[in-house]
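Could you build the full structure based on these sequences and the hints that come with them?
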Amino acid sequence: MPTAPPPPLPATFDADARLRWVEHVARLMDSQFRLPGTRFRFGLDPLLGLIPVVGDLSSTLVSVALLVTMLRHGASGAVVVRMVLNILLDTVLGDIPIIGNVFDFAYKSNERNVALLRRHYAEGRHPGSGKGLVAVAVLGLLAVVGLVVWGSIALLLAAWHYVEMHPIGAH
87 MPTAPPPPLP ATFDADARLR WVEHVARLMD SQFRLPGTRF RFGLDPLLGL IPVVGDLSST
147 LVSVALLVTM LRHGASGAVV VRMVLNILLD TVLGDIPIIG NVFDFAYKSN ERNVALLRRH
207 YAEGRHPGSG KGLVAVAVLG LLAVVGLVVW GSIALLLAAW HYVEMHPIGA H
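Residue numbers (this note's numbering): 87 to 257.
The set of hints was computed from the structure by calculation and includes no laboratory data.
Glycine included, every Cβ here is placed at the ideal spot set by N, Cα and C.
A few of these clues could be false.
FRET-style restraints, in silico, Cβ to Cβ [said to hold, decoys possible]:
#1 Gly255 - Ile184: 47 to 55 Å
#2 Arg205 - Leu233: 31 to 39 Å
#3 Val154 - Val178: 29 to 37 Å
#4 Ile254 - Thr124: 51 to 59 Å
#5 Ser238 - Gly163: 31 to 39 Å
If you want it as structure tokens, here you go:
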């Protein structure tokens, strides 16, 4: 059964109402509010991040929904990889107690992703599949996992050695 071809992409970012919606939601999540007397802006994302688990999860889900919408409207593989890395960075670092809350107020992943898509539309930047970025991200992740495993083993061996040298209950 033949499928209908996808709708043509708009000539500009602003020509598509759904992309304007993405930009509006990104602003709401990242910079809707201004701290009085300053130029510092923040959105719902860092406020939701103050609610353990549920807040961070809801912020991530909104970011993923924005990503899917942008993907459906012409984001190249390279742009999508950068967007996913922005979301992962925001999610992972945002989950660290206290430091993550401060990070959430400063790092605006949704607005960064909208800017990536705008540049992609306007200048044709970040074309391609993004395979190189994926490879670097996977290698980086493997390196981090390897360091965590190595550090865990070293810590366990040190604890084992300490217990052998200082048996519990021996005086």
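Right, here's what the structure says about each hint:
1. A C-beta distance of roughly 38 Å is found between Gly255 and Ile184, which places it outside the suggested range of 47 to 55 Å.
2. Arg205 and Leu233 have their C-beta atoms about 34 Å apart, which keeps the hinted 31 to 39 Å range intact.
3. A hinted range of 29 to 37 Å for the beta carbons of Val154 and Val178 is inconsistent with their spacing of about 20 Å.
4. Taking 51 to 59 Å as the suggested C-beta distance range, the pair Ile254 and Thr124 conforms, at roughly 55 Å.
5. Checked against the hint of 31 to 39 Å, the pair Ser238 and Gly163 passes, with Cβ atoms roughly 35 Å apart.
Comparing the model with each earlier hint shows violations of hints 1 and 3; every other hint is respected.
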